[in-house]
Structures are given as C-alpha cells and as structure tokens.
Amino acid sequence: MVGALNAALRDCLREDPAVHVLGEDVGALGGVFRVTDGLAAEFGSARCLDTPLAEAGILGTAIGMAMYGLRPVVEMQFDAFAFPAFEQLVSHVAKMRNRTGGRVGLPITIRVPYGGGVGGVEHHSDSSEAYYAHTPGLHVVTPATVADGYGLLRAAIASDDPVVFLEPKRLYWSSDPADAEAPASRAPAAGAPAAGLSASGAGPGTGRGAREGVAPIGRAVVRRAGTSATLITYGPSLPICLAAAQAAKADGLDLAVVDLRSLVPFDDETVCAAVRATGRAVVVHEASGFGGVGAEIAARVGERCFHHLAAPVLRVTGYDIPYPPPMLEKHHLPSVDRVLDAVARLQWEQ
Amino acid sequence: MVGALNAALRDCLREDPAVHVLGEDVGALGGVFRVTDGLAAEFGSARCLDTPLAEAGILGTAIGMAMYGLRPVVEMQFDAFAFPAFEQLVSHVAKMRNRTGGRVGLPITIRVPYGGGVGGVEHHSDSSEAYYAHTPGLHVVTPATVADGYGLLRAAIASDDPVVFLEPKRLYWSSDPADAEAPASRAPAAGAPAAGLSASGAGPGTGRGAREGVAPIGRAVVRRAGTSATLITYGPSLPICLAAAQAAKADGLDLAVVDLRSLVPFDDETVCAAVRATGRAVVVHEASGFGGVGAEIAARVGERCFHHLAAPVLRVTGYDIPYPPPMLEKHHLPSVDRVLDAVARLQWEQ
Amino acid sequence: MTLVDHSTSPDLVGPPHSHGPRRDAAPLLPDPEPVRVLGTEAAAAFDPELARDLHRRLVLARRFNQQATTLTRQGRLAVYPASTGQEACQVGAAMVLRPQDWLFPSYRDTLAVVARGVRPIDALTLMRGHAHCGYDPYEHRIAPLSTPLATQAAHAVGLAHAARLRAAEDPARDERLVALALVGDGATSEGDFHEALNFAAVLGAPVVFLVQNNGYAISVPLARQCAAPTLAHKAVGYGMVGRLVDGNDALAVHQVLSDAVEHARSGRGPVLVEAITYRLDAHTNADDATRYRSAGEVEAWRARDPLTLLDAHLRARGLLDDAGAAELARAAEELAGRIRAEFEAAPEPDPATLFAHVYAEPTSQLRAQAAELSARLAAEAAEDPDGDPYHLDGDGFDADALTADGRGTEGLGGAA
Amino acid sequence: MTLVDHSTSPDLVGPPHSHGPRRDAAPLLPDPEPVRVLGTEAAAAFDPELARDLHRRLVLARRFNQQATTLTRQGRLAVYPASTGQEACQVGAAMVLRPQDWLFPSYRDTLAVVARGVRPIDALTLMRGHAHCGYDPYEHRIAPLSTPLATQAAHAVGLAHAARLRAAEDPARDERLVALALVGDGATSEGDFHEALNFAAVLGAPVVFLVQNNGYAISVPLARQCAAPTLAHKAVGYGMVGRLVDGNDALAVHQVLSDAVEHARSGRGPVLVEAITYRLDAHTNADDATRYRSAGEVEAWRARDPLTLLDAHLRARGLLDDAGAAELARAAEELAGRIRAEFEAAPEPDPATLFAHVYAEPTSQLRAQAAELSARLAAEAAEDPDGDPYHLDGDGFDADALTADGRGTEGLGGAA
Ligand SMILES: Cc1ncc(C[n+]2csc(CCOP(=O)(O)OP(=O)(O)O)c2C)c(N)n1
Ligand SMILES: Cc1ncc(C[n+]2csc(CCOP(=O)(O)OP(=O)(O)O)c2C)c(N)n1
Ligand SMILES: [Mg+2]
Ligand SMILES: [Mg+2]
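Just so you know, the sequences run in chain order A, B, C and D. Using this note's numbering, read the first sequence as starting at 19 and increasing by one per residue. Using this note's numbering, read the second sequence as starting at 19 and increasing by one per residue. Using this note's numbering, read the third sequence as starting at 87 and increasing by one per residue. Using this note's numbering, read the fourth sequence as starting at 87 and increasing by one per residue.
Read the hints as simulated data drawn from the structure, not as lab findings. Note that beta-carbon positions come from the ideal geometry of N, C-alpha and C, so glycine has one too. One thing to keep in mind: the hints can contain errors.
[Unchecked claim] Covered stretches of chain C (in silico footprint by chain A; criterion: 3 or more residues with CB under 8 Å from a CB of chain A, positions within the stretch not fixed):
id, region
1, 164-173
2, 214-225
3, 323-330
4, 404-416
[Unchecked claim] Some, not all, of what chain D presents toward chain C, calculated at C-beta under 7 Å:
id, residue
5, Ala112
6, Pro113
7, Leu163
8, Ser275
9, Glu281
10, Ala287
11, His319
12, Lys320
13, Ser352
14, Ala446
15, Ala454
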C-alpha cells in the first residue's frame, strides 16, 4: 500500500499547488515508512517540509496554512505520537468550520499510521480511531486495500473538510489479496458504483469532485457477498475477515464481508443492507473493544436492524488492555480463529 | 455538589499526608468552581498547589509525584482544557502499571468538570468521557448526586489506580433531587449494599478499603425501580431521566432509572438485570451519540440481553455536532421530551 | 525560497558545537528595562496626531469595556473578560497592522478585534452566546477569538508561512503579510506557545508574538507562572528577537510593535514582545479578584492607567483640552449607545446553524438529526404558537445579517 | 517550605516591569564555547582514577552497542537505537548520580540504564519485545525508557518535587535526591519539554535536564529543529542555569554534569545542560542514515569519537598501555558473552501478563477476557501439544525472574 499512498501524494502535489506535505522526517528520509519517498526531491523541501519535532505545532501550523488557502497533508509518525496534537485536532481542526459559521473550512488531511501486528515496541501500535470517530467535524477513513490507499487518500486531500486518514501499518507492504472475491455490489439504493479492489472502481469524490481512481468518502463496500452472516470490519482486520470467510466455507457457512473504509461519515445503508440480508453480524477490529468503533456499529445495527437479527451482534476486538509487547501481540489481535469462534456463537441452533 | 466534593478533598487531605491537590487556580481562588475553596488556607500552598498554566505539565508532574508515593489529585479547569494532557494521560497514566509489570501504579485522581447546560462559551461544555472510557488502564467515574460526589471522590482518591473523575458542571450547584424515589435495591447477586442518595449508602471502596461515605467504584445503582422500560444514564443526565420517569407515570409507564456512576469498570450485572426486568431500554447522555459511551452500553446490552429485548435499545444523546453556543444548547441536550419520545418508540404496539 | 539558512550545516572538522546554526545571542536578548516613551525625551518626538489618535481610541476602548461589563450585569452578555487597563496593548496591536495582515487574538482581546474594524456586536457574539465567532475571519483577517490558550499562536505561524510560500511562487502576489498573535502571560507556559515560537523561528515566518503580561493568569501571579528574568528572555531560546515594553505606555507599545511588525515584514524573522501591563478589572465578570490580590495593588496600578498617562501627556503638550475631552466623552457615549442599540436589534440565533456547518455537506446522519430537531420544534410551535419561531428549513446561520451594516463603522476608529 | 520566592511580588508603585521575579540573566546564560577538559589544562588536574574508570566504562559501553546491534541482525532484538558515539554522555549521566537519585531516560538511553546497574537483558527487554519495561523502576530508581519523546521530563520534575515536599515534612528523611532527565535535541521542540522546564524552575525542583544534542532527530538536522544560538540558551527563558559541554569529552561531561547535579542537590534549582555529540550509527538498525547525511560527515565525527579522545589522553599520560587495553578488550568480550548468554536463558513471555497489571485488581471484564484467551490457548495446546506452553492461571509477569541474579553484575561497572 505504501506505493499507492506515495502515488496519491505525488499526483496531488503535481495537480494542485495548494497541496503541501509536512511532518517529521517526511523530507530527505521519505518518512519512516517511506510513504513520502522522493516527494521532497521532486517538489522541493518547502512543499514536503521536515518540521521540528512537535506534533501540536505541526497540526497547528497546518491549520494556519489551510486558513491561507493551502491543503496541508500532515504526517503523524505513529498513532500514539498524534496524541500531543489532540487539542489542536479536537478543539480547532474539528470545529473551525462550525465555529466560524461555515466561513473557514480546513481542508487538512492528517495521515496516521495505526494499529499493530508489526512488532513495534510500546506506543508504536495503538489504534485510536474511536477517539477521532467520536469527534464531530472530522471525517475518518481507513483503506484496507492498495486501490483504496490511493483512492481514499486522493479523496481525503480533495475534501474541503478535515480528514483523519488512518493507514494500517500491517498493510503497508501488502498487495491486494488475490483470493478476495470481486467486490459485490453495494446496496443498490445508494446510487454510486462500488469501488472495488482495483482502482477502476471509482465513485464520486467529495470536495473538488471525482477523479479517476478516487474512492468515495462515506461509502462502505461489500468485499465479499454472503448469505449466512455478515462480518463488518475495516482497515487492518479486512484480510483477517476475508480469510475467515474463506475458512468458513469448509463449515458450509457463506460469510459476507463489509469493509467500512469510512468510519465517519458512516454508511448505514450498505451496512444495514448487508446485515438484513443475513440476519447475523460480527464486528471485527483490533482496537480495544470497550467504547471502540465496534460498539457504535453494533449499537446502530441493533437499532436499525433489530427485527432482522437472529442473534446478537457480536464483536471480535483487541482486549481492553494497553497494546501488548511484540512477542504477545498475536494473542491480542483478532485472528481467523477468534472470528470463526464468534461466528459459531451466532445462535445457529435456534 | 461543590460542597460535597470540597468536603471529600478536605477529608482526604486531613487523613492522608500523601494526598496533594494541584492545578490551575486551585489555591487562593479555590478553583473557578470553588471545589478547592479553603484548602490552600488549611493545608498550605504546597499541598494545594497553584501550578503554571500547562495541563500536560500538570499531569506529567503528578505522574512523577505519584511515582514518589504521593496521591495527587489534579484539577483540569474545563473538559476541553484537559486535551493538552491527552498524551500524558493515554501514553503514561493509563499504561504505567501495565508497562512496569505491576511495579509502578499511579494513584492519581484527575478531576474534570464536564458537560454543558451552564451557558459556557465554546470549549467550556465538552463531554469527553468516551475518550477516557475507551482507554484501558483508566477508571472513569462520574457522580450524579451530592452523596456520590463525596463518596466517589473519596473512592477515587483511595484507589491505587488512576481515576478520571468527571464532575457534571450542571450539577455543581445541585442538591439531591427531593422527588427522586429512594434508591431501589441493586441486583441482589452483586452483594454490596446500594449507595443511595444519602451518604449513608456506603459500599466497599477500592484501594485502601472502604470508609464511611465512600461509594464503590464499579457499581451502578438503580435510582428508581420500574417495570415498563429501563433508562440507563449517568452524571448530568440523571435528573433528566428521573424527571422523565416521573412524567411517564402520567402515561401509565413505570420507568426504571439506572445511574451508572462508574463507566469503567462497567457494572454489567446491575445494568443487565435492570434491562432484563423490563425488556426495553433507552440510554441517555449528553455527549455526541456517535461513538459515545451510549454506543458501548447499547452494544453490550444487545449482546447480553438479546433474548430479553422487546425493542431495540435506543439512544438519546447530544447531536453529532460541536457543542453549541449557549443560546442553542437547550436544543442539543437530552430533554425530558426527547427521552419520552424515545420511550414512546420502544415498540409498545407489538 | 530558502525557509531557513541551511548553509550552516555542521562544520564537520571543526569544533563539535558546530551543530546547528550558530548565532550571537546578544542582539536577541531584551533590555531588561522596558521601553518607555512617555516621560522620556522620545515623547517629544512622537507624532502628535498619532498620539491623539491613540488617545481617542483608548478612550473609546475604555468605554467599550465599561459598556460590556454593564451588559453582563444586565444579563445581556453571558460573560465578558474585560481588558480594562490593557487598552494600550489592545489598540496598539490593531493599529500597527496593515490591511493585509492577520490578527490571532485570545479570548480577552475583543477590543483589539473591534479596533481592527469588527462591529462591536459581532466581536461580542462569542460572549453573548449566540454563536461561536460573530465575524467573518476572512473579511477582517482576524482569526476567531481563541479560548484554548496559546493554541492560536501556531495558526499564526502557519498562515504567515503559507503567505511566504505563496509569495515565493508568485512574487507579484506577495502580500508582505505579517501575523500578530496575542497571548497572555499565563499562556506562555503552554507547550503550544513553545512549539509555535520554535516553528516561527525555524521557518523564519513573519510573525509577531505579543505577550500581554498583566501579572496574572486568573488568580495565579506571574511569580508562580515563570521564573525567567522576563518573558521576553524566552526569545533567545528560539533564536528570535525579544523585546520588553511598558504596556501601559501607549506610545511605547505603538513604537515597539511597529518596529517588530516591520522587522517581521522585512523578512528578518519573528519577534517576541512582552508588554508589561495590568488587568484593572477582575478576570471576568464572574471572577472575584479580591480573593487573590489586594486593593492596594490595584490602586497602585490604577495610578499607571494607560489612559491617565496618555491624557496627562497630551494635556501637558497642549494636544488635549477640556473641550477636546468633552468631545471624546460624547464619542464614547455614542459608541456605548451604538453597542446597546446593536444588542437590541440582534436577532435570536437559528437552531439550523447547529447542523449547517459541521461539514461542507451535512452527512446523512446530520440531516436526520436536523430533521428530528426541526420536527420537534415544529410540534412545540404548534402547541405554543407564541413560542420559539425557529424551524430548520434554511441553510441556517445568516452571518451576513450579523455583519451587514458593519462596514461603515470600522470599530473604534470610526465611532466619532 | 518555600516553593518559590514570592516575596518578589509586584512593587506596586515602582516601574511596571516589577511583574514577576526579576533576576539577572547573565549567570543563567551558557558560555557559547562548550566546556572541554581534554586538551586543556584542566585535563592534567583531572582525577586519574576517575578518568580510567570512565574510559573502562566507555569501552564496555561501546562493546554493548556493538553486541546489541549484532543481536538485531540475528533477529534476537526487534530494534535497537544505538548510542554509538554518545557513550560519554550515557556513562557520564549514570556516574554522576548517587544511589538516592533517579534517572529518567529516553528510548536511546539503554546504556545509561545499564551503567546504573540494570542487567543488560532487562535493559533490553523493551527492544526485545518481551515486555515493556524489563527492570523494576523502584529497585534501580530508573523510570521506564520513554518512547513518547520529552514526556518523561515532567515526571522527573514531579518526582523531584515530591521528594522535596516529603523532605520538608520530615527533614530527617531528606534524601537530597536529584532527578536527571535525558532528552534528545529533537525532543526539545516538544511542548512537554517546555512545560517540564518551566515547572522545574517555578517549583525550584532539583532536576538536571541533559540534552544529548547529536545533531539529528532521525533525519532532521538541528538547523531545521531550532534556530537558537545553542539549546542551552533556552534555560534563561525559564530562569534556570544553562550549560554547554563537549559531549564527546568524557571528562568534561562528567565535570559539568557533576556540577549541575550538585547545584540542583544543594537547592539552587534546576539546570539545563546541552552536550554536543554525534550519533555515529543510524537512528536504529532499521534506519538508512545515508539518506540524510554524508559519509564524510560521519567520518569527521568519528575522528572525535569519545573513546578515541579519552584513549589518547590516557595513553599520553601513561594511564593506559597495551596490556591495559588488552585487559579491557577481554572485559568487553566477557560483557558481550554475558549478554548473549542472558539472551539464551531468557524465558518466553507469559500471555497472562497481558491482563494481570492493567489495574491493581482486574475488572470482571478483564477476567472474562483472560479466561477466553486461556481457554483458547488451552484448546490450541490440546490440538498441538508441542505448541505454545503458556496458559493463564498465574498472576503473570514474573518480573523477579527477569531481575533476579542481576544484583551482582551492576551494569558496566561490574563487568570486569
Ligand atoms: C488550554 C487552556 N487551559 C486553561 C484555560 C482556562 N483559562 C482561561 S483564561 C485562563 C488564564 C489566562 O491567563 P493569561 O494567559 O495570563 O491571560 P489573561 O487572562 O491574563 O488575559 C485560564 C487558565 C484555557 N482557556 N485554555
Ligand atoms: C512524541 C513523539 N513523537 C515522535 C516520535 C518518533 N520518534 C522517535 S525518535 C525520534 C527522533 C528523536 O530525536 P532526538 O530527540 O534528537 O533523539 P535521538 O534520536 O537523536 O537520540 C522521533 C521523531 C516519538 N517517539 N515521540
Ligand atoms: Mg495574564
Ligand atoms: Mg538527536
């Protein structure tokens, strides 16, 4: 996915002089994950700016840049290292348009590598999407495929609203899973073409309108159609769910897999249609379960699909513990087995 | 409630020389809400310390104090002004015990006035309990009555774990509602006496053990027994729910009201027993709904009480918007009418 | 464009202190004796018209503070953090800026906002509780009053930096813009202050940071806030120029800030100015200042009231007489009356504004929530036709209605 | 106890700059020429035994860096941020502390931790990935290695402040404790650094802040990090003493840090020390330093290797000969061997540790989650008896097992 993200940044920098990248080590180094590789060389150190080491300062500076008409793309080096910028994010970035009666919008993209599974030492594997998703005024998106890495980042940068763009560290070196089935169609009523695993499945972008390969913010996609039960997931857990669906075939279960892609705005339509079709749902993410995004998903599915549910909506998530050290993280992360265990508990006997 | 909080601090300062209060304006001024009134005069400016204006510095300093064996009680002046300390809270306070294999516990109480309804200008009325509740390693409690103001603060300070102590600004000047019915008994299996509206309803404290008037962390209380449906709430919304229950009588509905008091640890037992008894539930809080604590409550009630539910668990919350200006906040806050509307949608016809 | 001089990369075979830019500290350090004009020889040389203009604005600003405080007592203003005693800083900050410049005020800086041309009612919208920011930041080049302390300092840096970037791309469109960020003495303790100053210095951004050191952060005196020789001494730690000025000497404030702004404008980097002043009123109308400071202290500072000092100067130099003072008093009353009238005429806020500007386009969830509220209000209105007249069918927040007719008044300057 | 001298409250009738404490800036400012001992007359006066001890520890520290780097190549260590080239700072920091003092290291400071007496395997636990902090902070008076940059500086302030508070209550129990916080040049840009220094100065806490200025924050050179004359110049902005030292001169580092620690210990307040040094290796084994710095630059600094400099000094003064060097090399190999042996013997981590120490008492939810994992692992073990041997019936994390037998070794000092 790193290549797709890099390409998206490069294309945006090329097409729009207002786009500026800034963050720690994004210049000569190309970022610790190399997502900004070569950008300073091509566009100069002013447009791909190595900042001092201070995340609140970075985001605060980006706010001022956006107020002057630029479209800053901020890189936070790791998820936990975005926390120093939390006040700037919650009290300013998320609220600026609202507090100025629509006058001052902040088209800032905040790229945050998140999640674990890469052997990172403490503070390098956090999943903080729940904090962002609960903050009105932010869009929160996360790609799970290479194509969406490109398409959603384009859309985020094109958006006139601030977007927290969560990059699953585990999938940085991924190519799209060959065994994933072709994208199933979205809920027909939604009216936009499904964005699939290839960049060709473009839907309407936000902000400055759609472009080739731009994935729509606010649209989930059914990665795998199924009739038995519906797995709802996003980001780093998509491959787990696809693998679980594959494995479940052996038990005669045909699992649908929904990739949310966008946590805010939330695509109720696609999710509810997919759940109603099966009557059973499991939500999967690696962040801690308590108060996680999975709670919101389970709650709203419960509200909206109550009479279609044959079993409670279950959650498979990280435990309610600080992220473990590398040697133990495998126990914490949702696994195919844990997903299948949850599916097995969906009251099939009734 | 201010008096009860002040009394709790005073008693703790008297009883335990390790207890230290620190924060902005907690000294001569007694805090902007006067919760620390008179403490500097009685215990000296070192034990009730006016700090420089820097929340990360305050919490970081408190961490070091706790490492040396003190029990710091930190005041954050307003909810949104705790955000600068977010990294210290999430990356250190919440994780220290875990990351040191249990060697270094941090008995820090972080008092945060939260919520709206007091005519505060922007950034003065936020509700951020969802951020804290999603952070493993923190306890998160919030009193809704004067007695719990005293009892839970005592328990928080006595706890050997960090406690985010959320004080509903709206209830600072409250006395306990005279019209609330006597506390109904808690789920019998839980084994602890119910903490009622008077300070006499003491249960076991944590950490250094129970004391007179100390309310147990981790125990919800049924504020009103009822048979028709169960309102689940906490902090500033408790009076709304009690009033709604009162009003519902006119429609022949007998609503139970559960006051969570402790968001983490969560009292599944009391909540589930109360929901199972009625088969219908509405969750009420003033924070924005999306990804709020209400989502967690609805999700876990859905998981645990699925076969007892006659209707979906509904939520009445603040909208998914930045907190409004004072003149408009009444529209945003859950009201008796909104609670009753939700109750009316609990599929009574079926 | 060179953002910073990187030619000073480590002298590899030289001494190890070659790390980073080496520059002489001496020119960056403030004179610990604050700059004064009043009572010095420089006062005689000061432009008399400018001095009179400053004085006029101080008089109006003082009246504004009084009127706003009165409105809090009448319950028409939820809260007001008066800048009484700090008017020389407020007025000076606005006056040294050119139209292309930007102001980044703190919550106490309503008067700087008004002095830059915003209608009083709009500058007070936040404190009235009708909306968050009552003026259009782009129209006036003023960021919203910032309640989270020190956070807006970084915004000033980013904006000034962006303007330089744009100017470098297209020199013809170079605005030669300066951003002025206002913070209090207490706010200098925040990490955001530090980060903003460092970014400004490293980027060489044209920003002036004005610290209004009024001696207190609510109840906390400076001695418990910072142990530095002066707050201006912080500048050297960022490699920027630090200056100290008597903040109650309107002429000195104007001079030091003008110099600082031109320093930044000319590309010589940011400047930190500390103005030593005093808040004569309580923190806000809700505060009880007697809890933390003595009446004697306040009285001593009242003797150094910036208005009194400038008044005395003008009278001594024959630039003000009783007739002039009476005329000024009338203008001040006219301003107060206008504020009251604006308050009378101000419309109630529209609940539709709650949802209209969370995002550029409301999400489906927000549309549903807006519809729910709209239906509820409609039902309430049906029950009680005399009640709340609002419903949610419009785009909401009619900020034009708030700012229209504001053009001619131009804040304190045009109140005559 | 007086936390800060508040007798300097505003001189009410005096000049307005009476706000806050007035103190002379001059004694706080660093000499922009870093302190050196090697190559100066002071070298001759330096205690020969101390110089030899320092040298011995530098040799061992260097070998430690090499061995750890080798372990990363063998995949036995997940990551290692070497301090090669910075050993004089690492060793100096540990040596100037007394037993009652506390050390607050950053993630790069494994060697300072080892030099203070922690077993290598325990100091490396974080980087091995077996647990977060492998040593008992209370046993060694060392906080966990801090990955979130600059955040631990405030912890040092709080701990030092608490110790003073306790000492004031009971002077007989006064430990006269000093806290030493280590940060990098990049970390000085964080707001947390600013806040910690300000708190230390206002509280008068006995803290020494040592900035190891190695010229880079990962890839970002100091010139893009800060434009100050030196980082030590930041001290004056807090009202504390700032000192600059050649961080590759082990004798100078020892001297300046000793002075700073005694300054703090004697109640004269905190000190900021900038040590100018260079990281000879990449940021970590995962980093590619050729992307941002030249081979020539590295070579130039290698000529100022702290080990080479001290070696030359000792040989010139007849304090080291080939036989002594050979003995040292043997001790270094012994250390390396011991590290490898400790790695061989280290047990696998126990999954029970995941839940055991989130709270003092696990919540019911955590107990349920632990039981779920335990059942799953038991089921897996039943399917595959040769698999993961862990189950979750214990209290978990047996830190004693990690630290036992570590007492006799005393880090670098006892490796002989
Ligand atoms: C981040 C943050 N923390 C705390 C507050 C609460 N608060 C509002 S004003 C104030 C004191 C500000 O003092 P100073 O910076 O000196 O400005 P002054 O009030 O004197 O103008 C405080 C603590 C805030 N607004 N923002
Ligand atoms: C708050 C925070 N932001 C970012 C990082 C990622 N990071 C780890 S090391 C590093 C550079 C540190 O540079 P410096 O302070 O000079 O220390 P050095 O690596 O040179 O020892 C960065 C940016 C972090 N660990 N913490
Ligand atoms: Mg002040
Ligand atoms: Mg460095």
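Results for each hint:
no.: 1; hint: 164-173; verdict: violated (count 0)
no.: 2; hint: 214-225; verdict: holds (count 6)
no.: 3; hint: 323-330; verdict: violated (count 0)
no.: 4; hint: 404-416; verdict: violated (count 0)
no.: 5; hint: Ala112; verdict: 9 Å, violated
no.: 6; hint: Pro113; verdict: 10 Å, violated
no.: 7; hint: Leu163; verdict: 29 Å, violated
no.: 8; hint: Ser275; verdict: 5 Å, holds
no.: 9; hint: Glu281; verdict: 5 Å, holds
no.: 10; hint: Ala287; verdict: 4 Å, holds
no.: 11; hint: His319; verdict: 5 Å, holds
no.: 12; hint: Lys320; verdict: 3 Å, holds
no.: 13; hint: Ser352; verdict: 17 Å, violated
no.: 14; hint: Ala446; verdict: 31 Å, violated
no.: 15; hint: Ala454; verdict: 32 Å, violated
Violation of the numbered hints given earlier is confined to hints 1, 3, 4, 5, 6, 7, 13, 14 and 15; the remaining hints are satisfied by the structure.
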